[in-house]
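Trainee: Mind docking chain B with the ligands on chain A? Use the hints.
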Amino acid sequence: MMDFAHWLPIIWAVILIAAISIYVILDGFDLGIGMLFMLERDETRRNVMISTIAPVWDGNETWMVLGGAVLYGVFPGAYATLLPAFYLPIVLMLVALIFRGVAFEFRVMTRGTPRARHWDLGFMIGSAVAAFCQGSVLGGVIQGVKVTDGAFSGGSLDWLTPFTILCGLSVMCGYALLGATWLVWRTTGVLEASCRHWAGRLAIGLFTCIVAVSFWTPLLHAPYLRRWTEWPNILFVAPVPVLVIVFGLLLAASLRKGHSRVPFLCALGWFFLCLSGLGITVWPYAVPPTLTLWDVSSPPSSQFFQLVGTVTLLPIILTYTIYSYRVFRGKVSEADGYH
Amino acid sequence: MQNAHEIAFLLARFQFAFTVGVHIIFPAFSIGLAAYLAVLEGLWLATGRQVFLDLYRYWIKAFSVVFGMGVVSGLVMAYEFGTNWSVFSKKAGPITGVLLSYEVMTAFFMEAGFLGVMLFGMNKVGRGLHFAATCCVSVGTLISMTWILASNSWMQTPRGYRIDPANGQFLPDDWLAIIFNPSFPFRLVHMGLAAFLSVAFAVGATGAWHLLKARRQGRISSEPVRVMFSMAMWMAAIIAPLQIFAGDAHGLNTLKYQPAKLAAMEGDWNSEGRAPELLFGIPNMKTEHTDYAIGVPLLGSLILTHSLDGKVPGMKDFPRDQRPPSPVIFFSFRIMVALGVLMMLVGFWSLWHRRNSTLFTSPAFHRVALCMAPAGFLALLCGWITTEVGRQPWTVYGLLRTSQSVSPVVLSSMVVSMTVFVVVYVVVFGSGLGILVRMLGREPEEGEHDADPSHASDILATRTHPAIVDASAAKGA
Ligand code: HDD
Ligand code: HEM
Ligand code: HEM
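Heads up: the protein sequence lines correspond to chains A and B, in order.
If you're matching positions, the first sequence starts at 75 in this note's numbering and goes up one per residue.
If you're matching positions, the second sequence starts at 5 in this note's numbering and goes up one per residue.
Everything labelled a hint here was simulated from the structure, so no lab data went into it.
Don't take every hint at face value.
As the list claims (entries may be wrong) - Covered stretches of chain A, as calculated for chain B (at least 3 residues, CB under 8 angstroms): (1) 125–132; (2) 135–141; (3) 148–154; (4) 170–178; (5) 246–259; (6) 341–351; (7) 393–407.
Here the structure is a predicted model, which is why all the values come from computation and not from measurement.
Don't be surprised by glycine CBs; every beta carbon is placed ideally from N, CA and C.
Isolated chain A (complex conformation) (with noise of 0.2 angstroms):
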């Protein structure tokens, strides 16, 4: 079946999808590691900390930049209700990503002066702040948006529900895991040692969430229940939640045995994992309960223009982006600072 307008919404969701993933994933750890200076005082390892992600956070970033462009050229009817949907919390988070990606460079121009300190508070504030928005946005959406004639209609605080602040706080410990776990893979000695124990404390707390939260969201609307509950769906979802046990047992015995690496990926497993049963769970809706993909793409003239971009660049992107990985690559210590 060659209908165009039917499979191109299709096709850009699964793309949409694994940008934000990757956005999640990429600046889930910088965000994470913001946090993760509450908790580690020393200045040269909070320097250590730093250096692991200020050659590579602005790339990261700029997945979030395509997530929102990509929202505005294929789905501008998503775009233009969500956003105005989640005003206040976007507005916010755009201001705690001035602060904390300022920091990177403020923080060190303004060493030895007492200012340097207030950046570092901006760092922390900051990626703690963007990290609740984010996860209570994306609560927002699967608890939905009251929408009339194609355009958002209710108040300005109807995304603050104690849901929305439960997948707040989960994004946050999220990304403090993917952030503890990133620095047992990237640095030595007393950081590393600490980023383990931490790992350990985030991983029973992240579990904790996304049990609370996968229970929670089928009680929002029918349609989420039947989903995951009815034959012959159950063949299909199934696998998630039990995936979910086995990458927490692994990432505790990883974390327990000493391995570098693992525990990383087992934190990377679990968001995938989040990710594909959030999708599982809204598909085909774009803005739940009223709009689908369909509803508010743009016509197939703009996706498939957008689309033959997309697939020639997106490689090219990857490709660069993980050469400059592999030259900022191996464990920094304090010794060596940033070289």
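Mentor: Using the frame of chain A, we list chain B with the ligands on its own:
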């Protein structure tokens, strides 16, 4: 109720103008500086002269700060279309959203991907590869400019679209016509030159400051300072006249495609031949008259049509509700042009000093060059205000009104976000500017260090703030 809606709308406009006005300063800086850095590194590789490497390392520190501020303020822009102009983004998204996506994929990733290597990779990759990374970042900023200006120019002079009768969406018909719309080439050239000019004067002012300081301290200025000042003044002398030429061509294009904007820029009410060029005046939108006008006879027709009796448009040709607010752009336009002429004069003056071999020894000239530090950025902002306010009352020229583009966001949220943006921008970008100024207040040294943070203490003004460094050293000991 109606009233609250009006205020929310005004705030949405003001907020967008404020955030994009702050943003554009950094991209302009990044575009010019990245190109300058690529040239410096290229010269170093070609000649092996230490001075070019020193200058490269000196300016890359400023670049990392400017670029970081550009990224975070740009992130706000990418989401603000949806938060503030949801109806616009829904209708025009199939065109402007796609162009923005191409910008992300062809430019932002490239800049970000190679920035890490450029800033921290000097000792990790070979010289050739490092130079390639610098070039990629520079090219990335230029590509970024190209896409965003295509998008903006399409909003000024839309082409290649159809309008969906069902929902009013703009449907792309012909992508080449959309991208290469009539005002795009002019805007691209004019903006690119503006970025280079802004940086030329910023670099020139830094050089001038150190020349003056060396003179005050009775020593001979160092080689990096002289080289940077000389390079900047070459740029000023070459680019400023080109910019005036480009601006003139841009004006002719505006006359053709956006005559109402041009009439408002000129403060002309009646369409006439043999029109004067007003040097000063206060356009009054109510009485339809420009008060206190001082003009040069015939010059208006001569500049705009390149003939003495060419007919120039007047605002009365257009219905009242389609006239842009003339008092704003009458002045923003004149400030831009005046600064452009001033920059050209400074450029020519530098040639005269060069011929007399007094380029590095004339304190009067150095003082003028120092005062010109913000001139490029000011002209650039005034230019954008002319362009954007002159497009009013439309977002997509002649097709979609600004008042019909706005999001259904309530007044209270708008007030909160506006306050937050103003406070945060003043604090963050104000601090950034402070850091930058102190950084450039330190003279480039021979054997300048890398952008590497382990050398942080000498990135900032070691000489001007010895106490701070001593204090931190004492703490460390
Ligand atoms: C003339 C050029 C120009 C103009 C008019 C604009 N920008 Fe910009 N922008 C750039 C040139 C640029 C740049 C040179 O590419 C920047 C500056 C510093 C940087 O990191 O990239 C950038 C950064 C930048 C970023 C961050 C990219 C990243 O994460 O690396 C975003 C999302 C935007 N911009 C979006 C916008 C939007 C939505 C604009 C319209 C209102 C806009 N910019 C106007
Ligand atoms: C970077 C330099 C820019 C500056 C300084 C600038 C400045 C402004 C100003 C002053 C306004 C307010 C006009 C008014 O409401 O009276 C405005 C509005 C707007 N501009 Fe720009 N602009 C810039 C670039 C862009 C670009 C590149 C785009 C799109 C691709 C864009 C899209 C808009 C939109 C959608 C509005 C809101 C609607 C409106 O008020 O007209 N701007 N801008
Ligand atoms: C002195 C001669 C100059 C002339 C005759 C001139 C002419 C113009 C005109 C007619 C516009 C409005 C375009 C429109 O219709 O939208 C414009 C916009 C603009 N000008 Fe100039 N300009 C001059 C100098 C400068 C200088 C020195 C700078 C900066 C360094 C500058 C930066 C800009 C920018 C950034 C814009 C907005 C973007 C655009 O539309 O290109 N201009 N200029």
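Trainee: Does each hint hold? Answer for all of them.
Mentor: Okay, the hints, checked on the actual structure:
1. 125–132: It holds: at least three residues are needed, and the segment 125–132 of chain A offers 5 whose Cβ sits within less than 8 angstroms of chain B.
2. 135–141: Answer holds; 5 residues pass the 8 angstroms Cβ test.
3. 148–154: holds (count 5)
4. 170–178: Result for this restraint: holds, n = 6.
5. 246–259: Violated, because only 0 residues of the segment 246–259 of chain A bring their Cβ atoms closer than 8 angstroms to Cβ atoms of chain B.
6. 341–351: violated (count 0)
7. 393–407: holds (count 6)
Violation of the numbered hints given earlier is confined to hints 5 and 6; the remaining hints are satisfied by the structure.
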